[in-house]
Amino acid sequence: SQTIHQWPATLVQPVGSPLSLECTVEGTSNPNLYWYRQAAGRGLQLLFYSVGIGQISSEVPQNLSASRPQDRQFILSSKKLLLSDSGFYLCAWSVQRVEKLFFGSGTQLSVL
Amino acid sequence: GENVEQHPSTLSVQEGDSAVIKCTYSDSASNYFPWYKQELGKRPQLIIDIRSNVGEKKDQRIAVTLNKTAKHFSLHITETQPEDSAVYFCAASSGDYKLSFGAGTTVTVRA
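Residue numbers (the working numbering), protein chains in the order written: chain W, 1 to 112; chain F, 1 to 111.
Just to be clear, a hint being listed does not mean it is correct.
Each computed BS3-like pair below joins lysine-lysine, with the alpha-carbon atoms no more than 25 Å apart [unchecked claim]:
#1 W:Lys80 with F:Lys57
#2 F:Lys42 with F:Lys22
#3 F:Lys37 with W:Lys100
#4 W:Lys79 with F:Lys42
#5 F:Lys68 with F:Lys57
If you are wondering where the hints come from, they were derived from the structure by calculation, not from laboratory data. Only a predicted model underlies this, so the values are computations on that prediction, with no experimental measurement involved.
The whole structure should be built from the sequences, with the hints applied where relevant.
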């Protein structure tokens, strides 16, 4: 069966520090991969999605970036974190476009 | 882009009663409408979805209705139980890779 791993679960970082969140999927090939951010009391905001290795689409212009170095690996990065980057970050995968998204367990990021 | 509005933001119901959550969308090209449930401290999980060529879909105590003309869709939960307490998100997509979510509804089922 398919599983998705996301780490770390929680992260506290100072403003201006770098960020790297990693997500891996097991049990499927060529998944569509997504990064979402969930601010407190708000819905899920799509940040990036990828339909293949090296293919990244950005939905929100900001100081975050994403990379897909391997088929089942998706990385969210930042060179310098801002206070506004705080939130709950969720990785997700799907087989058929956005149908039936499967989410990872999320990373609670606090930028102080 | 697509804009999805969800109401109410909080909903408290007595156990056994029904709960209804409503969403509106802006893009008439949207054709896929899923609902996700997120229990406290857990990941969102798909509970039901509907396509634009269907007006209603049911799965046990959960049903979703879609009105394409009015561009709104609703989630109905009947005979609510304590385990139905969670945050529910509606979403809409025009069939590409972008899924636009509503802000969520926190449902509390009172025993």
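Original post:
Is it true that the CA of F:Lys42 sits at most 25 Å from the CA of F:Lys22?
Top reply: Answer holds: F:Lys42 to F:Lys22 is near 23 Å, not above 25 Å.
**OP:** Compare the distance between the alpha carbons of W:Lys80 and F:Lys57 with 25 Å, and conclude whether the hinted pair is satisfied.
**Re:** Violated - the C-alpha atoms of F:Lys57 and W:Lys80 are around 46 Å apart, more than 25 Å.
Original post:
Quick one, are W:Lys79 and F:Lys42 close enough, alpha carbons at most 25 Å?
Top reply: violated, 28 Å
Subject >> Pair hint outcome, F:Lys68 versus F:Lys57 [Cα-Cα no greater than 25 Å] >> reply: This hinted pair holds, its Cα atoms lying about 14 Å apart.
Original post:
Can the restraint linking F:Lys37 and W:Lys100 be considered satisfied, given a maximum Cα separation of 25 Å?
Top reply: Roughly 13 Å separates the two Cα atoms, so the pair holds.
Against the hints set out earlier in the document, violations occur for numbers 1, 4.
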